[in-house]
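**Q** Going line by line, the protein sequences match chains A and B.
Oh and the first sequence: position 91 is 91 in UniProt numbering, straight run, nothing missing.
Oh and the second sequence: position 51 is 51 in UniProt numbering, straight run, nothing missing.
The hints are simulated quantities; they were obtained by calculation from the structure and are not laboratory data.
Be a bit skeptical, because a hint or two may be false.
[To be verified] Distance condition first, Cα-Cα at most 27 Å in a straight line; then the derived BS3-like pairs of lysine-lysine:
#1 B:K35 - A:K35
#2 B:K59 - A:K49
#3 A:K59 - B:K59
#4 B:K49 - A:K59
Predicted, not measured: the structure shown is a model, and the values here were computed from it.
Below are the chains, spelled out letter by letter.
Protein chains: 2
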Amino acid sequence: MTQRRTPDSARRSLRSRDAILAATRELIAELGYAKLTIEAIAARAGVGKQTIYRWWPSKGAVVFDSLLALSEDEQGIELPDTGDLEADLKLVLRATAEEFSDPAFEAPIRALNIELIGDPELTAQYREKMEAPVRAAKLRRLRSAQDAGQLPADTDLDLLLDMLYSPFTQRWLTRSGPLTTDYVDSLVERTLRAFRP
Amino acid sequence: MTQRRTPDSARRSLRSRDAILAATRELIAELGYAKLTIEAIAARAGVGKQTIYRWWPSKGAVVFDSLLALSEDEQGIELPDTGDLEADLKLVLRATAEEFSDPAFEAPIRALNIELIGDPELTAQYREKMEAPVRAAKLRRLRSAQDAGQLPADTDLDLLLDMLYSPFTQRWLTRSGPLTTDYVDSLVERTLRAFRP
Numbered sequence: 001m002t003q004r005r006t007p008d009s010a011r012r013s014l015r016s017r018d019a020i021l022a023a024t025r026e027l028i029a030e031l032g033y034a035k036l037t038i039e040a041i042a043a044r045a046g047v048g049k050q051t052i053y054r055w056w057p058s059k060g061a062v063v064f065d066s067l068l069a070l071s072e073d074e075q076g077i078e079l080p081d082t083g084d085l086e087a088d089l090k091l092v093l094r095a096t097a098e099e100f101s102d103p104a105f106e107a108p109i110r111a112l113n114i115e116l117i118g119d120p121e122l123t124a125q126y127r128e129k130m131e132a133p134v135r136a137a138k139l140r141r142l143r144s145a146q147d148a149g150q151l152p153a154d155t156d157l158d159l160l161l162d163m164l165y166s167p168f169t170q171r172w173l174t175r176s177g178p179l180t181t182d183y184v185d186s187l188v189e190r191t192l193r194a195f196r197p
Numbered sequence: 001m002t003q004r005r006t007p008d009s010a011r012r013s014l015r016s017r018d019a020i021l022a023a024t025r026e027l028i029a030e031l032g033y034a035k036l037t038i039e040a041i042a043a044r045a046g047v048g049k050q051t052i053y054r055w056w057p058s059k060g061a062v063v064f065d066s067l068l069a070l071s072e073d074e075q076g077i078e079l080p081d082t083g084d085l086e087a088d089l090k091l092v093l094r095a096t097a098e099e100f101s102d103p104a105f106e107a108p109i110r111a112l113n114i115e116l117i118g119d120p121e122l123t124a125q126y127r128e129k130m131e132a133p134v135r136a137a138k139l140r141r142l143r144s145a146q147d148a149g150q151l152p153a154d155t156d157l158d159l160l161l162d163m164l165y166s167p168f169t170q171r172w173l174t175r176s177g178p179l180t181t182d183y184v185d186s187l188v189e190r191t192l193r194a195f196r197p
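Please construct the entire structure, taking both the sequences and the accompanying hints into account.
**A** What follows is the structure, encoded as structure tokens:
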């Protein structure tokens, strides 16, 4: 006998899925990633553990999807382009620094980074689904600066983005210091100096 | 009745401790950090779980000490100083890139980074015990370059080190690309350009 999904059961599945992803985000914020368990997610979402394992192979996979749902509004992202690259990048990095200092944001992003370091397959998914649209927007802004003569045409844009964003990310991940406006502004100024014509 | 440790029991303790730390390093390399358990460490080291919990409160703490034992030869570290800062930094970063591409090195350093992201207290210990001597050596090399007029006296050396090392570390941690000689050399050249007088 073949089993066919009725519209009702599809709707129920979707509801369970949403409840699981929401429970995962809540519990990461409350407990941190290390103490998060599939059992706790199931209990909070009001489903059985088997329902979770039917859709996701591991805790890491659920966490990833729960964060992916949050980033879906980044698909159409654009960076500001006032014609002044330095000012625009400072604006973007200051806003990101503010976001990173929000405790509600901190726990899930730490959880995601922990997953990514340990899991190359998830990293590939992250790069394609979460990072690619944001990275494309950054590259568009830099190409616009190249067109305006603010960056040389042969600039290694990947290296520029590494030098701009990695110190920011590492400082936050390793808690080596606060992401102050001064820090962020200096980072933008020095990075542009490194690549100026 | 007070219990006093005999020399024999102290020796036995030390032997158990070494066996536990060695087992931890072996198992991280074999299984990766996520699958490492206190049970597995105890079994490999030939001790009871309680022996481990007597000395360490968590898996992260054992992992940290097992890696700390490896880094003890870095206490007296000095960076090369031929008088040519660019050449010396390229040499150091190329050597570090080679070390990071060694599979035996990869698993424990990933494990350590995963621990640090999730654990502020361990991060403080890491900074004091493992990072501080290496960082001091880097700062000594940069100050020598300042004395030689290759870097301005008012250079923000912390920012310089962030811009030099964070892209390197992030690229490796997130597997966004290989740490080639070209990449490492460009990173040194651009960073020095950002801070040149």
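**Q** Confirm or reject each hint.
**A** Okay, the hints, checked on the actual structure:
no., hint, result
1, B:K35 - A:K35, "15 Å, holds"
2, B:K59 - A:K49, "26 Å, holds"
3, A:K59 - B:K59, "18 Å, holds"
4, B:K49 - A:K59, "25 Å, holds"
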